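Asks: Sequence:
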Amino acid sequence: MYEYKYIALLDIDEVIMPLEGTTWKGLMDKVLPKALKINKEERASYNVRNVYFLDDLLHNHGWFKEIPKYMHMLQHVYRAKNFTKPGQYVKCFHNTEKVLTLHNHFPLSCLGSGCTSYPIETSDAQLHHYRADCVKTLKKSCEEYRKTSVMDTTIWKFKQPLVGRVTATLRTLGYFANQEKDNKR
Numbered sequence: 055m056y057e058y059k060y061i062a063l064l065d066i067d068e069v070i071m072p073l074e075g076t077t078w079k080g081l082m083d084k085v086l087p088k089a090l091k092i093n094k095e096e097r098a099s100y101n102v103r104n105v106y107f108l109d110d111l112l113h114n115h116g117w118f119k120e121i122p123k124y125m126h127m128l129q130h131v132y133r134a135k136n137f138t139k140p141g142q143y144v145k146c147f148h149n150t151e152k153v154l155t156l157h158n159h160f161p162l163s164c165l166g167s168g169c170t171s172y173p174i175e176t177s178d179a180q181l182h183h184y185r186a187d188c189v190k191t192l193k194k195s196c197e198e199y200r201k202t203s204v205m206d207t208t209i210w211k212f213k214q215p216l217v218g219r220v221t222a223t224l225r226t227l228g229y230f231a232n233q234e235k236d237n238k239r
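In terms of the numbering used here, the sequence shown is numbered consecutively and its last residue is 239.
Please note that a few of the clues may not be correct.
What the hints assert, rightly or not - Calculated pairs, PhoX-like style, for lysine-lysine (alpha carbon to alpha carbon, straight line, at most 25 Å):
1) Lys123 to Lys211
2) Lys193 to Lys135
3) Lys190 to Lys135
4) Lys59 to Lys91
5) Lys193 to Lys139
6) Lys152 to Lys84
FYI, nobody ran anything at the bench for these hints, they're computed from the structure.
Nothing here was measured: the structure is a model prediction, and the numbers come from that model.
Work out the full structure, taking the sequences as your base and the hints as a guide.
Replies: If you want it as structure tokens, here you go:
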């Protein structure tokens with residue numbers, strides 16, 4: 055952990071997606087000067103707002119033929135237009151020099167000047183959250199999210215290398231063995 059300036063605690067159905075560039079380092083290189091302009095001190099965490107990519111939004115539009123169906127996140131590019139409220143359901147980049155203990159969404163205890171957090175602008179990064187449905191506490195908002203979906207193909211900037219590498223790995227692991235035998239018959 056101490057080899058890194060920042061760590062992120064993410065669930066398997068979440069991705070912090072930089073809108074420009076392809077790396078978290080590049081994102082933080084862009085965000086830090088903005089944060090330091092407001093407050094000259096580095097924050098304990100840098101939070102990213104949540105936006106839902108719900109399963110049934112895809113099913114209303116159909117599959118993308120050039121993307122394997124097993125590439126769930128690449129297939130699901132319809133998301134809610136609106137983000138969850140600022141500070142709610144966020145995920146963070148945590149400064150390893152300041153954060154002592156973590157919760158799933160934010161730091162619990164910090165060193166120095168407390169658990170300060172900087173909200174990363176949604177024009178810089180978004181927390182893509184791929185789910186069948188919203189969390190229970192957002193059921194009312196969830197219907198609005200479904201009514202106002204937009205297509206967001208930001209993740210497709212990773213499509214070519216991801217499809218190639220994942221397919222090669224699955225083939226090596228024998229995932230396609232029965233399927234390939236059936237195709238040879």
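Asks: Which of the numbered hints are not met once you compare them with the structure shown?
Replies: Every hint satisfied by this model.
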